[in-house]
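Peer 1: Starting from the known structure of chain A, arrange chain B on it as the hints suggest.
The listed protein sequences derive, respectively, from chains A and B.
In terms of my numbering, the first sequence has 111 at position 111, counting the first letter as 1, and numbering is strictly consecutive.
In terms of my numbering, the second sequence has 12 at position 12, counting the first letter as 1, and numbering is strictly consecutive.
Calculated directly from the structure, the hints in this document are not laboratory data.
Pairwise CB distance ranges (calculated):
(1) Asp202(B) to Ala8(A): 55 to 61 Å
(2) Tyr257(B) to Gly286(A): 27 to 33 Å
(3) Lys296(A) to Phe245(B): 29 to 35 Å
(4) Asn339(A) to Gly232(B): 28 to 34 Å
(5) Ser132(B) to Lys203(A): 52 to 58 Å
Where is the CB? At the ideal position from N, CA and C, for every residue including glycine.
Number of protein chains: 2
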Amino acid sequence: MIVEANTARFDSLALDNGTTLGPVDVAYETYGELNAAKTNAIVVLHAFSGDAHAAGISAETGKPGWWDNMIGPGKAFDTNQYFVICSNVLGGCRGTTGPSSLNPATGCPYAMSFPVITIGDMVRLQKMLIDSFGIRRLLSVSGGSMGGMQALEWAAAYPESVVSAIPIAATTRHSAQQIAFNEVGRQAIMADPDFHEGSYYDKQPPARGLAVARMVGHITYMSDDSMREKFGRRLRGKENFSFGFDVDFEVESYLRYRGSQFVYRFDANSYLYITKAMDYFDLTNGHGTLAAALEKTQARFLVISFSSDWLYPSYQSQELVRALRSRNRDVAYVELQSNYGHDSFLVDVAEQTDLVRGFLASTFEKAQ
Amino acid sequence: MIVEANTARFDSLALDNGTTLGPVDVAYETYGELNAAKTNAIVVLHAFSGDAHAAGISAETGKPGWWDNMIGPGKAFDTNQYFVICSNVLGGCRGTTGPSSLNPATGCPYAMSFPVITIGDMVRLQKMLIDSFGIRRLLSVSGGSMGGMQALEWAAAYPESVVSAIPIAATTRHSAQQIAFNEVGRQAIMADPDFHEGSYYDKQPPARGLAVARMVGHITYMSDDSMREKFGRRLRGKENFSFGFDVDFEVESYLRYRGSQFVYRFDANSYLYITKAMDYFDLTNGHGTLAAALEKTQARFLVISFSSDWLYPSYQSQELVRALRSRNRDVAYVELQSNYGHDSFLVDVAEQTDLVRGFLASTFEKAQ
Chain A
1 MIVEANTARF
11 DSLALDNGTT
21 LGPVDVAYET
31 YGELNAAKTN
41 AIVVLHAFSG
51 DAHAAGISAE
61 TGKPGWWDNM
71 IGPGKAFDTN
81 QYFVICSNVL
91 GGCRGTTGPS
101 SLNPATGCPY
111 AMSFPVITIG
121 DMVRLQKMLI
131 DSFGIRRLLS
141 VSGGSMGGMQ
151 ALEWAAAYPE
161 SVVSAIPIAA
171 TTRHSAQQIA
181 FNEVGRQAIM
191 ADPDFHEGSY
201 YDKQPPARGL
211 AVARMVGHIT
221 YMSDDSMREK
231 FGRRLRGKEN
241 FSFGFDVDFE
251 VESYLRYRGS
261 QFVYRFDANS
271 YLYITKAMDY
281 FDLTNGHGTL
291 AAALEKTQAR
301 FLVISFSSDW
311 LYPSYQSQEL
321 VRALRSRNRD
331 VAYVELQSNY
341 GHDSFLVDVA
351 EQTDLVRGFL
361 ASTFEKAQ
Chain B
1 MIVEANTARF
11 DSLALDNGTT
21 LGPVDVAYET
31 YGELNAAKTN
41 AIVVLHAFSG
51 DAHAAGISAE
61 TGKPGWWDNM
71 IGPGKAFDTN
81 QYFVICSNVL
91 GGCRGTTGPS
101 SLNPATGCPY
111 AMSFPVITIG
121 DMVRLQKMLI
131 DSFGIRRLLS
141 VSGGSMGGMQ
151 ALEWAAAYPE
161 SVVSAIPIAA
171 TTRHSAQQIA
181 FNEVGRQAIM
191 ADPDFHEGSY
201 YDKQPPARGL
211 AVARMVGHIT
221 YMSDDSMREK
231 FGRRLRGKEN
241 FSFGFDVDFE
251 VESYLRYRGS
261 QFVYRFDANS
271 YLYITKAMDY
281 FDLTNGHGTL
291 AAALEKTQAR
301 FLVISFSSDW
311 LYPSYQSQEL
321 VRALRSRNRD
331 VAYVELQSNY
341 GHDSFLVDVA
351 EQTDLVRGFL
361 ASTFEKAQ
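This is chain A alone, in the form it adopts within the complex (with noise of 0.2 Å):
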C-alpha cells in the first residue's frame, strides 16, 4: 500500500493564547475510503514524534508508517471498513505548520516567533480538516501517548462529533514527574550554543542539545525491563571495559546513535513548542474536576493502559476511567500486560489489535 502525503490550506486559526495564526497547512494522509454516509471516518493521532505517516509505504520515503501493525486491510483499524486519517500536528515539522515554517509577513522561519500554542488548538485544526472533508461526526478518535491526549479533547471539545474515543498509554494531564522529563528536554537544546534564541535554520542547528533531550525521550519510552532484555550489560564490540570515556556499554552506543541521528527528521524548535503543550494539557482547566471536564461527552471510550510503562503509569488511565464512570459514561478499560514500557503501543499490538477491532465493530453497528 504506497501512500501519498497531502497537504490543505486553512486561512487562519484561532488559538487558545487568543491569538490567531494563518495561513496554516496541515500535513495528512489518508487511508481506505468514505463511505457515502460519511459514517466510517476514524481520526488517528501521533505521539510527540510522531507524523502524518502513520500507515502503508510512503511514496516519497518508502518507508512504513509508525502504526502501520495497526492500520490496514485487516488489521485493527480495518482500512477495508474505515477511513483512517491522520495528520501531522499544529507546531510539528512534518509538513504541518510549525516553527520552521515560513512566516508568511516576514519571509523567515517563524522560529521562537511561533505562538506557544497547545493540545486543544492541535485538535481544533483537525476539526476544520475533517469539515473540510465533510464529515460531521467521527467513528473514534485514537492514538497513545500525546495522541491519546488529543483523541480525549477530541471528545470532551467537540462532543457531537465523536461517537467513540480510544486514548491509550495516556493521561488528562501531565504530572509533575512528565513536566519535569520535558523540561529537561528543553533545558538541554537551549543550552545549546547553536539554538541561537531558536533562529538557528540558516544555520548549524543545536544538534548536540536535541541529542540529549532525545536520549531522555527514548529511556523513559522503554522499561528497566525491556533495557535489560535488549542490552543488560552488554559491552559493544569489546571484551572489557575501555577506561575510557568511549562507548563501553551497548546501551550507550543505542543511545548515542539514536539521539545523533534524530536531528536529520526532527526541528528542536518543534521539540520545544510541542512538549510545552503536552505540559499545559489538563482536561480540567476551566472545569474543576475531571468528571466536569468529561460531563458534555457522547462517545464511548476504550481506555488501554500498559503494565511496565512508567512514564504514563495506568493510574492515570485509571483516574480517566473513574471519571468516565462517574458520570455513567460507556467505558470499557484494559491494562495489557508488557514489557516494553510506554513505547508498548506501537511494538506489543496484539492484544491491542483484538481490543481494538472488537471496540470498533461493535461501534460502528450501534452507530449505523
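Peer 2: Here is chain B on its own, set in the frame of chain A:
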C-alpha cells in the same frame, strides 16, 4: 558539633586499570572516639555527589553533614559509642584527589588525563586510610546508593576487615537503565562547548551541560508521588500559563535552580569519572555469579531498600539478599515504605534509624 576536615596523603595507589596514581590525598572527617581496642570503627560511604562531611557542622562552611540526621550522639550511628569515619571518594572534587587536582608531573590539573577509576579503587584507598589509623577490623561499613555499592565492595574485597555491612538503596551492578541515565548526564556535559575535552579549569566550566545532567539526576532521585506532593502542577508566581518558554511550573523552577547551582559545588570531570566508576561496578566481575562473588564475605549484612525507589529498585537489593542467603550468610533485609524515592535514605530516616541502631548494637555485642 563543629567538625574539622582532615587530609591524609599516600604516596601511591594501585588502580584496577593496571596503572598507579600518586601521590593521593584523601579528605576525611571523623565523629566520636576510637576505643582502645579499635573495635568500634564504622566507615560511612557517601553517594555520588556527597563528600567527607557526613555529620556535624562544618568548621569551614557552617553547614550540616549530608547524613547528620543519622550520625551523632544518640543517633543511628551513635557517636557516643562508635567512631565514624567518612572520606571523599577517589575521583571526587571535595578534597580527595580527582581530575581537578594538580598532576605533580605537569603542575596542571589532571583533567581527562586522570585515570578512569573504579569502585574497587575508591575502596582500596579507603582501606589505606583505615590501615593508617591502625584499625584492623571495621565494625561496619555503610552508605546509600553509591555508598552502598562501596560497602558491598568492602565486604567482598576485604572480608577479614569487615564485621558488618549495611548497603542501603544500592545494587550489586548497574542495570542498563542506570547506565543509560548516567550516560545522558555525561553526554550533556561533553556536549557543552565549554567542556573543552575536560580542560576547562582556567576557563568557564561546562555549567549548562552539568546543569542538565543534574536535572536528570534530581528526577531519578525523587518518586512520581513525591514530585506530585512537592510540586504537582502548581505554577510559579503566576495564575496563568505564560505562553512562552520562561518558567511556568514550580517543578521547572526547582530543576533549573538546582541544576544551575550544582556547578558551584561539583566538578564536571568528577561527574564523568564517578558515574563511569558506578557503571563499571559489577560484583560478579571475575566470579561468574553473585553468590560466588560473595563466597568469601564474613560480614553480617543489613540490606535496606525503599518501596518508591525506582532508580535502585528493591528487586536489586533482593537479588543481593538471595545470593547471600544461598551462601548461608547472616543477612537481614527490610524494604521500607517511603514516598521519597531514591532520596529516602537521606530524608526518611525514622525507621532506618531503628534498624541501623539495633543491628549495630547486636553486631558490636557479638564482636566483643
